[in-house]
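**Student:** Using the hints, position chains H and D against chain W.
Residue strings, one per chain:
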Amino acid sequence: MPIPSDEGWIDRFVDRLPETRLFKLVASWILVPLWARLTPVKPLPGGPHPSFQHGDNVQCMMNLIMPLKDKSPVGRALAALAIAQNKEAIFAGLNNVGTVHFARFVIVGDNICMFSVYDGDFTNYIRDFIATIGSVFNAVVELVEGGEEVIPCEDNVEAFIQWVHERDLYQVPDTATDFLRDQEALNGDRAVSPVNDDLTLLPRKLVLQLRANPNVSLGSGYRAYPGFSVAQVRKHLGVGW
Amino acid sequence: MVDASVAKRLVQAIIDNLPEPVPGRRPVHTIGIGVKGEFVASDVARTYCIAEHFNGQPVPVSVRFSNGLGGLEQHDGWSDVRGMAIRFHLPDGTGSDLIATTLGEFFVRNVADFFEFAKVAKREPYQRRHWLLKIADFLRLKVPPRNPYPNETENVDAGALRYANRHRFSQLGIFQVGSIGAPESYARASYHAVHTFWVTAPDGVRRPVRFSWQPVAGVRNIDPADVSRDKYLFKELEDRLKRWPARFMLMMIIGEAGDALDDPTKPWPATRVRVVMGTLTLTEVPKDQEAAGERISFNPCRLAPGIEASNDPILEARRCAYEVSRELRDGCPFRWRPDNANSK
Amino acid sequence: MSAMFDLAELQGNILRGYTKKPHVRYLILEVADRSAARRWLASSVSGRGDGVPQITTGDWGPNKPDTCFNIGLTYEGLRALGTPSASLEMFPNEFVEGMTARALKLGDVGPSAPENWPAPFNEPKRIHLIATIYAEKVEQLNEVQERALYDREALTLLGTREGYNFPGDFVHFGYRDNITQPRFEEIHDPDRYPDRQPRAPLGTVLLGHPTNLEGLTWRVPLPAELGHNGTFNAFRVLKQDVAGFEEYLDRAASDLLKHPQVDELLQPGDEEKIGKGLSRRAALREIVAANLCGRWRDGTPLALSADAPDPKADLTDFDYVGVGDSRCPHGAHIRRCNPRGGQIVQRIANNSRRLVRRGVPYGPPYDPAKRDRDEPEPERGLLGNFIGASLGAQFEAMSCDWLNLGLQDPRITGSNDPISGANDPVTSWFDLPLKSGGTIRLRGLPRFVLTRGGAYTFLPSLSAIRFLGSL
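Note that the protein sequences, when read in sequence, are chains W, H and D.
Under our numbering, residues 1 to 241 are what the first sequence spells out, in order.
Under our numbering, residues 1001 to 1344 are what the second sequence spells out, in order.
Under our numbering, residues 2001 to 2471 are what the third sequence spells out, in order.
Bound conformation, chain W alone (with noise of 0.2 angstroms):
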């Protein structure tokens, strides 16, 4: 098939210039600040979206990144070592607990992570973790920036939880448009038809709302065996709950 005849030489430059370092470097420095001062974008809450059903209450992520105080090799150690000296505690408050899937401590350059997979309740889940693991929080926390204002976490409940929630990352959709809805419920826009929008400033919104919310998970999580709790997977396991 010949290329239509009508296509010239600055038709393929335009069609290559977003792959030219040029242009990407006048995208980032200018373009996107730009923009962002232009059609500001509020940082969206982190954390499962909002939801009475059922499915959307189990299984539901937990990724929290925390930069470290020290950023060196031994602050990095004493993360690690934080964890490995409380092992014992976290298996306990993980079966006292009841409803954590997987817990992971990641350290991602100077940042401390924790993803889990939880049932229910978000604040529930934490304020129950403090009752078990409290000391482990603290032991975790302090070595965070910012966390020394809400440590010892068993004094500090409320503050705590609603420092984790904000550390929380969010969680794109599954799909662009569901991306667009949580852009708009954050800014109180609940129209449904008919609207004015304009589609084709998606990948705009996305970078602006990336520049907002640097971390964010992607996607809702893809799980194997969605809609089940910890205590249902292991009653039907047999091993007990």
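Please note that a few of the clues may not be correct.
[Claimed, not checked] Taking lysine-lysine pairs in the DSBU-like style, the calculated list, with each CA pair at most 35 angstroms apart, reads:
id	chain 1	residue 1	chain 2	residue 2
1	D	Lys-2258	W	Lys-235
2	D	Lys-2020	D	Lys-2312
3	W	Lys-42	H	Lys-1142
4	H	Lys-1266	W	Lys-42
5	W	Lys-87	W	Lys-69
6	D	Lys-2312	D	Lys-2258
7	D	Lys-2370	D	Lys-2137
8	H	Lys-1119	H	Lys-1287
9	D	Lys-2312	D	Lys-2239
10	W	Lys-24	W	Lys-42
11	D	Lys-2239	D	Lys-2258
12	D	Lys-2258	D	Lys-2435
13	D	Lys-2276	D	Lys-2258
14	W	Lys-235	W	Lys-87
15	D	Lys-2125	D	Lys-2239
16	H	Lys-1119	W	Lys-205
17	D	Lys-2370	D	Lys-2020
18	H	Lys-1231	H	Lys-1242
19	H	Lys-1122	W	Lys-205
20	W	Lys-42	W	Lys-69
21	W	Lys-205	H	Lys-1242
22	W	Lys-235	W	Lys-69
23	W	Lys-42	W	Lys-71
24	W	Lys-235	H	Lys-1266
25	D	Lys-2435	D	Lys-2276
26	H	Lys-1242	H	Lys-1266
27	H	Lys-1008	H	Lys-1142
28	D	Lys-2435	W	Lys-235
29	D	Lys-2239	H	Lys-1266
30	H	Lys-1266	D	Lys-2125
31	W	Lys-24	H	Lys-1142
32	W	Lys-42	D	Lys-2370
33	W	Lys-205	H	Lys-1266
34	W	Lys-71	W	Lys-235
35	D	Lys-2125	W	Lys-205
It is worth saying that the hints were derived from the structure and are not from the lab.
**Tutor:** Showing chains H and D alone in chain W's frame:
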């Protein structure tokens, strides 16, 4: 309620928007290929649905894969919705159909929406966007509309976008159409039945569900730069099936109270219980394509006892529109089961 | 009642049920003028009996009051009174956001959603203060209301809700209620019946004291006179569909009659044990009603007597262990609200989400004989107060994880509370336990209870009222 005249208008609205009508053929999904195969239900399928093809006994099936575009021009490499219509041939000689496409959600909620969409999203000339305008798009951090495909002079993109900008319910479906691409093989795409159906379990419990086919070979699209490959999907499928059968898993998602039961524009969250209902094995592309696909008249509401249509107005409209279309192209009439015969 | 601290510091409705005062009226109020409203608050604790009704405290002294009067303030109310922002910021999120913002956690969805609440609850930001009057007679309610609203500068009446306790402590669905409340450490109450549950730490119900969760304390808004010994209340207007409930019992009984295992639920010939002269169908209705609630309608807990009501059974001295575990449905209403010492998924949460409940029915009692199917039933339901030191850790935690999700037991996870839950007949279910260990699953439960209003309020101590009055 969709009566025959509305169904006729629906089909006419589709035909009117074709580049040229193709009498005697399907107005859309015109280009397709019939395949033979077999479906075997999973061991749990029967606990959710009493329909005969879910009882675990292998069931012969006829499948027709298709390109969504209407008309006789074949553009396999174009970004387009693909269809996968299947008939489960039940032992008593009746059939149960399941019609799916690569589109996860539909873009209109009901017939009135559809007529409005048809009015707004007419075929319009489609040209390469001028490079100056493209630069303006880049400066506004927008992605310019794609370049026309070779020989593509008109399409409905601009109208569909206008419609989507007016109606949020349509945005997901229309956005997905725009980014759907072209599969490497008909056997390498996921297909979704879009509508909600009700399945009845042996204990009488009725559940709202949605069905999807997932390819065992995996989902894979061609490089969008290969858009000029017009004809490869039929041959690919024939070659593939000569070597090895192609398989699909039938997944059934169970809806919860509060999920959209009658609105095909609304997705169900990925957090719903998902059941493996069985495996489809495609074995050959029969020589007689007229019998294997072209003459079969599928209908999304031809359902075995144990599966029922929801009150989704689009599903109801399709029941009638498919029949109208079948009559127009003189398609093979197929026995309706006595209990859903009146649906004609 | 005596305590290690001054009960006169507390509002009386926190620890007392006012059971001898069956008439209850709620005044939903808006602050009209900030300084007048402060004066009103100051007068309410001034000790003078002539003007603004005096707040009833926990210490009645030698003379029982003729009427009782208590108040709760919403966050908007505290703001309207000009509470310093440093203090406001210390109140918990759920209280600041208010009940309507927490609808998803509370199951206030669909027809229960705040958008569908009637006035005055359709304007939650205007609700500043909810005053409650308790009296023996309606005339007394009127008299106290008149005194409360005498100064029109201070407060504007947005609406009222009124209830009446039926004789015998029965409530609309025909169950006996007001049976049990948490007993508290540090408070001696000689009238209390035996209760196998541990005494609740005072922090369950008062800010500034040890809580149910070991080592955890809730934030006390400062200054101390504002927050200390205060508590929070979830006030709920809950409409009950009694006709629908009774119809459901009919339907369930008819279905059960056809069930192959029905004899395990009710041995033929045992109908008399359920109630005098009951037909088999009528007896099955009562069995279903008992299982949905966890108590027979006379209050007998299923955990103690699963086969029939037993007037000799203790109403409170039971737990969900052993027979009590196997014979009371895991999804029964009272078990979902308070699983006591029974096995639950969140082991740490046993006994941690307890609440003081003060409820009064509103609307006329349901009389099937008078029912006119062509006329809509008059609205009836419950004016409920769910009191605890942390709305998030107690009321919301119970509502969200236990009532709505059934997270506490994998056998009920994914089902809603059978009586108060936001059920949809399409998906709802409830398991009746059988002696053999099996279950019979009931389906198609509709929603029997609709939320028709409510607010989160702060129940200030007497010092706090003085503090607010002197701002």
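**Student:** Can you confirm whether the C-alpha distance between Lys-42(W) and Lys-71(W) stays at or below 35 angstroms?
**Tutor:** 29 angstroms, holds
**Student:** When you check the alpha-carbon spacing of Lys-2435(D) and Lys-2276(D), does it fall within 35 angstroms?
**Tutor:** 23 angstroms, holds
**Student:** Hint check: Lys-2020(D) vs Lys-2312(D), CA-CA at most 35 angstroms. Holds or violated?
**Tutor:** Distance of about 25 angstroms is within 35 angstroms: holds.
**Student:** Please verify whether Lys-42(W) and Lys-2370(D) have alpha carbons no more than 35 angstroms apart.
**Tutor:** 58 angstroms, violated
**Student:** Between the alpha carbons of Lys-87(W) and Lys-69(W), is the straight-line distance 35 angstroms or under?
**Tutor:** 22 angstroms, holds
**Student:** Taking only the CA atoms, is the gap from Lys-2312(D) to Lys-2239(D) under or equal to 35 angstroms?
**Tutor:** Holds, because 32 angstroms separates the two Cα atoms, which is no more than 35 angstroms.
**Student:** Quick one, are Lys-2239(D) and Lys-1266(H) close enough, alpha carbons at most 35 angstroms?
**Tutor:** Satisfied, since the Cα-Cα distance of roughly 32 angstroms is no more than 35 angstroms.
**Student:** For a C-alpha distance cap of 35 angstroms, please report whether Lys-1119(H) and Lys-205(W) respect it.
**Tutor:** 29 angstroms, holds
**Student:** What's the verdict on Lys-1266(H) and Lys-2125(D), does the C-alpha distance respect the 35 angstroms limit or exceed it?
**Tutor:** OK: Lys-1266(H) and Lys-2125(D) at ~33 angstroms, within 35 angstroms.
**Student:** Decide if the proposed pair is consistent with the structure: Lys-1119(H) and Lys-1287(H), CA atoms, cutoff 35 angstroms inclusive.
**Tutor:** 40 angstroms, violated
**Student:** Checking one constraint from the list: CA of Lys-235(W) to CA of Lys-1266(H), max 35 angstroms. Satisfied?
**Tutor:** 33 angstroms, holds
**Student:** Within 35 angstroms, alpha carbon to alpha carbon, are Lys-205(W) and Lys-1242(H)?
**Tutor:** 48 angstroms, violated
The structure fails to meet hints 8, 21, 22, 26, 27, 32, 34 from the earlier list, while all remaining hints are met.
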